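Chemist: Listed here are the chains, written in short residue letters.
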Amino acid sequence: MGDPMRIRATENGGVTEVKILMKHDMESGQRKDATGKVIPAWHINTVVAKVKDKEVFAAQFGPAVSKDPFLNFKFKGAAKGDKLSVTWVDNRADTRTDEVAIA
Amino acid sequence: MKKIMSGGVSATLGLGLCFLVTSVGAQNAPTASDGIAKYREMIADGNPAELYEAEGEQLWKKAAGSKNATLEKCDLGLGAGVVKGAAAQLPRYFKDTNRVQDLESRLMTCMEVLQGIDPKEIVDAPFGKGAKKAVEAVVAYVVTSSRDMKINAPMKHPKEKEMYALGKRAFYYRGGAMDFSCASCHDDASKRIRLQDLPDLTSAKGAALGWGYWPAYRVSSGEFWTMQRRLNDCYRQQRFPYPNYVSDVTIALSTYLAANAKGGVMHTPGLKR
Amino acid sequence: MNPKRREALRLMAVIGLMASTGLISQAQAAEWNKAAFDGKNLDDVLKAMGGSSAEKSGDVSLNAPDIAENGAVVPVGVTTTLKATEIAIVVEKNPNALAAHFSLPAGAEPFVTTRVKMGQTSNVLALVKADGKWFVASKEVKVTLGGCGG
Amino acid sequence: MKTSQLIFRASVLCALGLASISGYAQTAKAQAAMDKAIVASFRDEGIISVASITQDETQALCSDPKMATGKAGAKQRAAIEAANMETILPPYDGVYLGDWKEGEKVAQSGRGATWTDKSSAVNGGGCYNCHQISKAEVSHGTIGPSLLGYGKTRGNSAAVVEYTWGKMYNAKAYNACSAMPRIGHFNLLTEKQMKDVMALLLDPASPVNQ
Chain P
1 MGDPMRIRAT
11 ENGGVTEVKI
21 LMKHDMESGQ
31 RKDATGKVIP
41 AWHINTVVAK
51 VKDKEVFAAQ
61 FGPAVSKDPF
71 LNFKFKGAAK
81 GDKLSVTWVD
91 NRADTRTDEV
101 AIA
Chain S
104 MKKIMSGGVS
114 ATLGLGLCFL
124 VTSVGAQNAP
134 TASDGIAKYR
144 EMIADGNPAE
154 LYEAEGEQLW
164 KKAAGSKNAT
174 LEKCDLGLGA
184 GVVKGAAAQL
194 PRYFKDTNRV
204 QDLESRLMTC
214 MEVLQGIDPK
224 EIVDAPFGKG
234 AKKAVEAVVA
244 YVVTSSRDMK
254 INAPMKHPKE
264 KEMYALGKRA
274 FYYRGGAMDF
284 SCASCHDDAS
294 KRIRLQDLPD
304 LTSAKGAALG
314 WGYWPAYRVS
324 SGEFWTMQRR
334 LNDCYRQQRF
344 PYPNYVSDVT
354 IALSTYLAAN
364 AKGGVMHTPG
374 LKR
Chain Y
377 MNPKRREALR
387 LMAVIGLMAS
397 TGLISQAQAA
407 EWNKAAFDGK
417 NLDDVLKAMG
427 GSSAEKSGDV
437 SLNAPDIAEN
447 GAVVPVGVTT
457 TLKATEIAIV
467 VEKNPNALAA
477 HFSLPAGAEP
487 FVTTRVKMGQ
497 TSNVLALVKA
507 DGKWFVASKE
517 VKVTLGGCGG
Chain U
527 MKTSQLIFRA
537 SVLCALGLAS
547 ISGYAQTAKA
557 QAAMDKAIVA
567 SFRDEGIISV
577 ASITQDETQA
587 LCSDPKMATG
597 KAGAKQRAAI
607 EAANMETILP
617 PYDGVYLGDW
627 KEGEKVAQSG
637 RGATWTDKSS
647 AVNGGGCYNC
657 HQISKAEVSH
667 GTIGPSLLGY
677 GKTRGNSAAV
687 VEYTWGKMYN
697 AKAYNACSAM
707 PRIGHFNLLT
717 EKQMKDVMAL
727 LLDPASPVNQ
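Protein chains in written order, with the numbering used here: chain P, 1 to 103; chain S, 104 to 376; chain Y, 377 to 526; chain U, 527 to 736.
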C-alpha cells in the first residue's frame, strides 16, 4: 500500500479547487542502475477523484509525470463538508485511497 | 510539426545535478533569468516536502526503538516536547550533552536516549535510506513547525561562540584540487553558477536566503534534503573529502549560517532546483 | 513461460481481483490507455486516443515556463474556453510522447496543472478534446544545465 | 608529489619566512589548531582523501579574508604569485592550440574529481559554471569574467597565447587568491583538454570569436 497523499480541497463560489500531492517514485524506465541495468518503469497509471461516489475528475499518468506527482484541478457541484476521495493505482497494482472534507 | 523522437531521456533523469546538456538558442541573460523566475514561481505551489512532513509527524508520535518510546518528550531546546519554533532557534548549546547541536544531531540524541536507537545506525546509513530516512522525515516535520518564524539561534553560551568561530574559519577554508572554500561562491551577492544565483552567506540578507530555505525538497533529486545533506553535497562539489554526519565542521557551519541569518524568516521547508 | 509474461499475468490477476473485490473500480483497472502512452509521436498518441489530427487553436492555453531549471520537474497547466471532455499533455522529444491524460466528467472545469519530466529542450503540447475533435496549443520549453559539479 | 610542487612549496616557505613576522604568526597558530579540527571532521571517500585538503601555502594564506585581499597580505600574495609562476609548464610539444569543438565539450562539463567519481572518469573543465564563453549558451555563471570574444579582442600573439595557457595552468600565478582552480598545476585537465579549451578561446573559427 502506498504512502498517504496530501489533498487540499476548497470550495469558493460553487467551484471546488483540488490540489493533490502523491508520494510515488514515478520511475521512468529510462534510468540505469550502477551496474548498467535498466531500472524498470514504475509509475502511477490512474488517479480518480470522486464526491459521493460520483467521478469528478480522472487522470492517466505515463512515466513522464514527475516524481511525487502534483495535480491541480477544479470542478463544480460540491459543497463545503462534502467528502472528496482520491484513489491512485500504479502499474504494479499498488493503490492508495485518501479522503478529505471540502473546506 | 516535428514527429521525430530523437534521443532518450538521460540515464540520470531526476537524479544528477548536471544531468542535461542542452543547446539553448541565442538569448540574453536577463530573459533567461526571467524564465527561471517564472519556473520557480510555478513550482512553488505544492511542495512535496509536505509528504515528508506528514510522515515525520507520525514518526514523532510513534513508539519505536528498543525502549519502545515516542519522541514526544524530546527537548529540542525549548523544553521537552516543544516542537513549535524549535528549529528557528537551532543550533544551540545543550547542557545534557555539553555540546552545540543542530537539529539532526539533537534528534539523534533524543532517539538514543528516549528510544534506544543506536546513533551509529543513523550515521552509517546513506542519505534517504534506513535509519537516516526516519531522522529526515522528522526534520521535515520539525522545520515546518517553525515556518514564518524569525531565525533566532541564541549565540550566548561560550560553546556557541566557539562553534561560530570554527564555522567561520571552515567557511573560508580553501583546500583540495580546486582550491575552493564555501566563500569561493558565497561571499558576493552578485554572482551566479550557471543560472543559479548565489547568496552571499556572510551577509544577514544572503544568509537568510540560504538558512531560511533549507531544509528543502530538491526537484533535481526528487528528495527532501536536510541541512546536513545540503552541506554534504556542497563539500562534494567543492571536491572536498566526505564530511562525517553531524561532525563538528557541519554543525559549526550551520551555527555560522544561522547566526548570520538572525532576524531573517524561516521559509522551511523550501523547494529548490 | 517467460518470467516477464508470468509477471504480467500475475499483475493482471491481481488487478482483476482488486477490481472484483471492489478495492478499485472496474473502470480504473481497465482505463489506462497503454497504446497512447506507448506512442512515439503526436500522431501515434492521437490515433490511440481515437483522433486523427489536432487543429491549432487560440482557445487552448498552455501555461509552462520558457526555461526549466531542471527537466525532472516542469510545471504544465492547461486551460481552455472550449467545452473540453478530455485534456492531454504531450512532450514531443520524450521517448514516450504522452505524459498525462485527463478525463473531465460533467461539472469538471476545463483546467488542470501537473508536472512532467523532460529529457531535453522540446515543444510541449496541450491537447484538448471538445465536440469530439482534438485541438492543440504548443510551446517550447528550454531545459538548462544547472549547478556545478555533477 | 610532483617535483614542481616540491619546488613550489620550498620557494613559498622562503618568501613567507621573510614576510610573516608580527601579528600574523600568532593568529596563524590559533588558525592551525582550528584547521586541524576542520580536517578531523572528514573521512576518506572514493577518490578523495582527507589528506587532499591539507593546505599548501597558497590555500592557507587565501583562507584568511584579511590576507586574501587588501594591503595586509600584499607581500605574501606577491611571493605566492611568484612561486606559482614557477610551476607553469608549456605544452610538451610546444603546440598550444587544439580543437575548439572538443574544447566546448570540456568547457560544458562540470563533472569529475568528486568522491562519487571514479578515478578513470574524465574531468570536465566546468568553465561555464563561472564564465560566459559562447553566445549560444545562456546557462553560464558570472563568478569569473565573460570570455565572449576572447581571441577576437586580444588577437593570438605569442604573448597572448602564453598568458592564456599560464592563466589556465595556474591562475594563482597572476592573482594569488583567485577563485579559479589551478587546472594544469593540479592535473584537473589533460594537456590535450587544455589545448582544446585554448582553441575555444583563441581560434578565430571558434563561436567565442564570432
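The set of hints was computed from the structure by calculation and includes no laboratory data. Fair warning: this is a prediction, and the values are worked out from it, not measured in the lab. Treat the hints with care, as some may be off.
[Stated by the list, open to error] For lysine-lysine, the following BS3-like pairs were computed, each having C-alpha atoms within a straight-line distance of at most 27 Å:
hint: 1; chain 1: S; residue 1: K262; chain 2: S; residue 2: K187
hint: 2; chain 1: S; residue 1: K264; chain 2: U; residue 2: K562
hint: 3; chain 1: Y; residue 1: K459; chain 2: P; residue 2: K52
hint: 4; chain 1: S; residue 1: K236; chain 2: S; residue 2: K176
Chemist: Between K236/S and K176/S, does the CA-CA distance stay at or below 27 Å?
Modeler: Distance ~21 Å between K236/S and K176/S Cα, so the pair holds.
Chemist: Holds or violated: K459/Y and K52/P, Cα atoms, limit 27 Å.
Modeler: OK: K459/Y and K52/P at ~24 Å, within 27 Å.
Chemist: Hinted pair, alpha-carbon criterion (27 Å max): K262/S, K187/S. Please report holds or violated.
Modeler: Within the cut-off at roughly 24 Å; holds.
Chemist: Next pair to validate is K264/S with K562/U; report whether the Cα-Cα distance is within 27 Å.
Modeler: holds (18 Å)
When held up to the earlier numbered hints, the structure conflicts with none and fits them all.
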